[in-house]
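Protein chains in written order, with this note's numbering: chain A, 1 to 547; chain B, 1 to 210; chain C, 1 to 319.
Calculated directly from the structure, the hints in this document are not laboratory data.
Some hints here could point you the wrong way.
So the derived list for chain A, only partly shown, Cβ under 10 Å to chain C, looks like this [claimed, not checked]:
| id | residue |
| --- | --- |
| 1 | Gly-245 |
| 2 | Gln-251 |
| 3 | Arg-283 |
| 4 | Thr-289 |
| 5 | Met-310 |
| 6 | Gly-314 |
| 7 | Ala-335 |
| 8 | Ala-343 |
| 9 | Phe-375 |
| 10 | Asp-382 |
| 11 | Pro-455 |
Where a beta carbon is used, it is the ideal one built from N, C-alpha and C, also for glycine.
Each chain, letter by letter, is given below.
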Amino acid sequence: MTDITIDRFPDTKTGESYLDEGHSLASWLTTTDHKRIAILYALSITAFFFIGGAAIGLVRLELLEPNGLFLTDEEYNRLFTMHGIIMVWFFLVPSIPTTFGNFLLPMMIGAKDVAFPRLNLMSWYLFVIGAIFTIVMIVAGGVDTGWTFYTPLSTLYANGNVIAAAVGVFVTGFSSIATGINFIATTHMLRAPGMTWTRLPLFVWSIYAVSVVMILATPVLAMSLLLVVVERWFGVPIFNPNNGGDPLLFQHLFWFYSHPAVYIMILPAMGVISEVFACFARRKVFGYTAMIYSLMGIAVVGFMVWGHHMFVAGQSPYANLVFSFLSFVVAVPSAIKVFNWVATLYGGQIVFKAPMLYAMGFLGLFTVGGLTGLFLASVPIDIHVTDTYFVIAHFHFIMVGGSVSAFFAALHFWWPKITGRLYPDYWARFGAITMFLGFNATFLPQFVMGYEGMPRRYHVYPEQFQVYHVISTAGTVLLAVAYILPLLYLGWSLFYGNRSNRNPWHAAGLEWETTSPPPKDNFERPPVVTGGPYAYGEDSEPQAHTA
Amino acid sequence: MSDAHSLLHEPWPSLERQREGATFGLWLFLATEILFFSGLFLGYTLYRNIYPDAFKIAARETEVVFGTVNTAILMTSSLTMAVASRSATRGFRKMTLLCLALTITLGCAFLLCKGIEYHDDIDNRLVPGPDFKLQPPETQIFWAFYWVMTGIHAIHVTVGIGIVTTVTMLIARRRIPLATTAVEAMALYWHFVDIIWIFLLPLLYLMGRS
Amino acid sequence: MNPFMFVSDVSRQAVDVDRLFYLLTGISILVVGLVAGLVIFFGIRYRQGSSAPRRTLPRIFKNEIEIGWVSATAFLFFFIFWWAAATQLQALNAPPKTLDIHVVAKQWMWHAQQPNGIREINEIHAPINTPVRLVMTSQDVIHSMFLPALRIKQDVLPGRYTYLWFTAQKAGTYHLLCAEFCGTEHSRMTGRIVLMTQPDYARWTETGAPTQGLAAQGEKLFRSLGCSGCHGPNASVHAPDLNRLYGHPVHLSDGRVVTADEAYLRDSILQPRHDIVAGFNPLMPSFRGVVSEEDLVSLIAYLKSLSTKNVLNQQGERQ
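I would like the entire structure built from these sequences, with the hints used as guidance.
Written as structure tokens, this is what we have:
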């Protein structure tokens with residue numbers, strides 16, 4: 001009963017899949033097919049995920065000893081900066097939107113492609129150009145400002161390749177903007193007949209919300225990084241305190257982007273989880289409308305809470321109170337989503353396949369991450385724990401426990417659709433459980449030492465913290481196994497996996513009504529939509545009965 | 001190649017829908033541009049509030065003549081661009097090409113004017129740095145914003161000229177039809193760049209002169 | 001020394017922060033327990049093929065559930081906000097009379113000056129049961145003064161003063177850390193804060209006292225920099241009187257009235273044209289680049305000592 005249902009007689013082929021549209025490298029590099037661009041993105045961000053992971057692996061090893069093992073201060077600083085820059089801008093921000101968003105958004109709304117296919121390809125090239133700058137920056141010795149580029153450290157004092165790093169992020173920012181514009185236009189203009197706004201799957205809503213955040217927040221980041229580059233390159237004073245420059249101006253501009261960026265990372269994850277929960281609980285998502293309102297609520301209020309990164313930075317204490325209040329406000333819709341996911345399970349026919357396990361892992365870790373967000377929204381506690389490991393643990397629970405778990409849930413859920421192959425579910429479930437355990441072992445101790453007063457970005461640290469660091473590093477090993485494992489069994493499945501039929505999970509949604517992998521134009525006939533999403537009613541067939 | 005065929009691109013069901021989509025996309029792009037510039041305007045406003053006197057001293061040194069001439073040039077180019085856009089939709093081929101050419105010329109004139117002004121500014125030791133002319137040191141912040149704001153604006157004008165030139169050539173050689181959405185989209189972008197200038201003029205040139 | 005602790009009683013503020021923290025931890029564990037419990041319960045009861053009945057809720061009831069937990073969460077969150085805000089507001093303003101210790105941060109060390117002129121590096125001595133205020137600035141990048149045992153932290157910025165105040169109630173030696181990444185040796189920019197009983201502190205200040213107090217050093221600078229030429233009693237130039245300036249309101253030429261605090265004095269030395277005192281001409285040159293942050297500390301201490309109402313000049317050595 002636990003095995004994936006395999007259709008021994010796959011659908012009769014009506015046309016070639018998008019993968020067969022050309023096998024040359026040029027056919028991939030000049031493609032305007034959203035599905036192929038999604039694959040290009042997936043390969044690029046996977047590479048960066050492992051580069052960024054390797055960087056932090058070294059850092060975690062180094063932290064086994066209070067006085068370090070094998071790195072100098074300088075190298076340590078460059079490694080954690082590299083980890084931050086790569087993971088935020090070259091993995092997390094593009095992760096779900098540019099891969100699964102690109103692949104699925106047009107299919108879920110019944111379109112042939114995104115609104116501007118050539119712009120879509122261009123945005124991948126922008127990403128690659130930004131990536132090249134970043135790789136050059138790394139090869140040339142890295143940068144030591146932290147991913148936050150705070151002035152005047154970055155403009156006047158740091159001796160790394162700040163300009164290359166900032167330009168890399170700047171260019172990548174335009175890739176985000178192009179993608180965002182494309183997705184919004186696609187959602188507005190290319191929905192299939194009958195696909196009204198209230199019939200959109202929540203994943204589409206989440207991609208829509210995230211696109212809005214992307215196009216409104218990213219330009220501000222671009223400008224602030226541009227100013228850093230100008231000041232550093234030409235010595236033109238903009239943030240320089242010796243000329244009366246305000247060091248906090250940069251922080252305001254930076255967090256005006258970077259807090260919404262957190263929502264860029266987590267909103268698509270919420271979309272994925274809604275799809276996966278509905279499918280494996282065989283239930284309509286509980287409170288569909290509330291889910292949409294909370295997505296959009298998070299996207300809007302998310303723009304008004306950046307000040308909570310600056311409670312100790314020297315801004316007015318009354319501003320602190322306002323930002324604190326708004327941060328509690330933005331937590332409400334997140335909590336609503338958690339309750340709704342739990343309620344979706346009520347009365348379902350729950351199947352514990354790998355995507356579901358990853359999604360449940362998300363639910364637990366995101367809940368912890370969200371709740372510790374309340375600690376940080378409370379000014380007195382934030383004053384104590386900001387810039388400590390408590391904060392590190394908090395945002396890793398959201399971004400790794402949340403977004404990365406959801407990324408893996410999505411990967412396992414849509415893998416048959418994307419590649420046309422089935423993977424060994426046993427190994428995938430093993431990977432999901434390992435990831436959950438490894439993650440907790442890595443990051444739970446960090447809450448404890450953070451509250452005890454262990455500051456972040458410390459190369460050498462007082463001995464009291466060694467025990468937590470050792471547990472954390474041990475957890476990292478488990479986590480590394482959990483991340484490498486899918487490479488193996490998913491890679492294996494590409495060549496030896498059983499072929500998937502159209503809909504191996506018996507899921508609802510337009511993307512499952514076409515072949516796996518889909519043809520170039522996505523559908524044999526343009527689809528017409530007659531009902532809402534998540535048609536997993538009582539009459540829908542639970543999966544096991546069809547084997 | 002027939003017009004309608006070469007105009008309609010892949011995911012779009014109809015020409016009209018595609019035109020709507022292109023315009024919609026461009027408006028979204030302009031929204032991002034506004035936020036891009038808003039960072040600069042915010043910084044400028046903040047510093048002007050903290051150092052009103054230094055900003056007045058600094059702003060007196062900008063060359064208002066160049067600023068005014070350039071405003072006139074850009075406004076005229078907006079007019080020619082609007083006429084070009086309207087003529088293109090009505091199918092007046094010669095008129096469109098003439099106006100596009102005029103727009104390009106005016107754009108270049110703007111850049112030329114700006115270049116002479118930059119040259120004068122450099123001669124007047126108005127580049128922030130060790131031998132900057134003015135005191136107190138906060139005046140350098142004003143000039144930092146002057147260079148960044150006008151520089152980024154000039155880059156936008158240059159990009160605009162590049163796009164307009166390309167499209168004009170393509171239309172002139174009949175490689176793309178006159179009714180392309182490109183002209184309309186291009187015009188939107190051009191007007192936007194002009195509007196940015198309308199904001200820069202009072203902030204950088206007219207301040208401190210009343 | 002016992003520098004780290006899960007529960008701190010080093011100051012009242014620390015106790016308050018801990019109380020809030022453990023309250024929130026308790027709430028969080030409850031919520032995580034609730035979510036995890038429900039997921040496990042539903043997971044078992046409604047696993048595929050189980051015999052549990054699957055009822056659908058009537059639509060109206062669904063809305064009520066949704067409204068119910070929206071308002072419950074909102075109510076809970078606002079309650080936490082209220083508690084946190086109240087705790088913060090209590091700790092917002094330092095009492096009027098504090099013992100001021102000046103701190104200058106630079107890559108990568110903390111430089112402190114006691115009111116009587118004792119200089120310390122990576123170490124701060126302070127008495128307990130006395131409101132102590134750290135007046136901090138940075139010479140280069142942004143640093144952050146982090147005193148984990150007191151549960152407080154404040155970024156230290158170049159070009160302006162920031163403040164951190166506490167009233168400790170338990171003597172001991174605790175960690176003093178830089179919490180804002182400040183370059184290569186950020187993790188070595190650490191030290192300790194030594195909290196002593198008042199008699200111990202008095203004894204310590206006596207034994208370690210330099211020949212000149214901070215204010216006296218400032219007075220010397222005041223002469224050598226030529227300030228006294230204009231601001232002195234016999235000056236021919238029309239310049240504002242600096243006696244009884246600190247802590248008092250100043251009327252500016254643009255009509256504003258500001259209180260002469262450390263930040264004001266500092267700005268007036270570095271950017272004299274910014275705030276012109278009503279009735280005076282903007283004659284004074286800027287001392288930016290002429291005086292170091294340490295010199296500024298001494299100068300300001302001297303100016304503060306001229307204001308007789310200030311408690312600090314008892315510690316200073318002005319006759």
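Against the structure, the hints:
1. Gly-245: holds (8 Å)
2. Gln-251: holds (9 Å)
3. Arg-283: Result: holds, 9 Å to nearest chain C Cβ.
4. Thr-289: holds (9 Å)
5. Met-310: holds (8 Å)
6. Gly-314: holds (5 Å)
7. Ala-335: Because about 4 Å separates A/Ala-335 from the closest Cβ in chain C, which is inside the 10 Å limit, the hint holds.
8. Ala-343: The hint holds - A/Ala-343 has a Cβ within 10 Å of chain C, the shortest such distance being about 7 Å.
9. Phe-375: With a closest approach of 5 Å, the A/Phe-375 hint holds.
10. Asp-382: holds (9 Å)
11. Pro-455: With Cβ-Cβ at 5 Å, under 10 Å, it holds.
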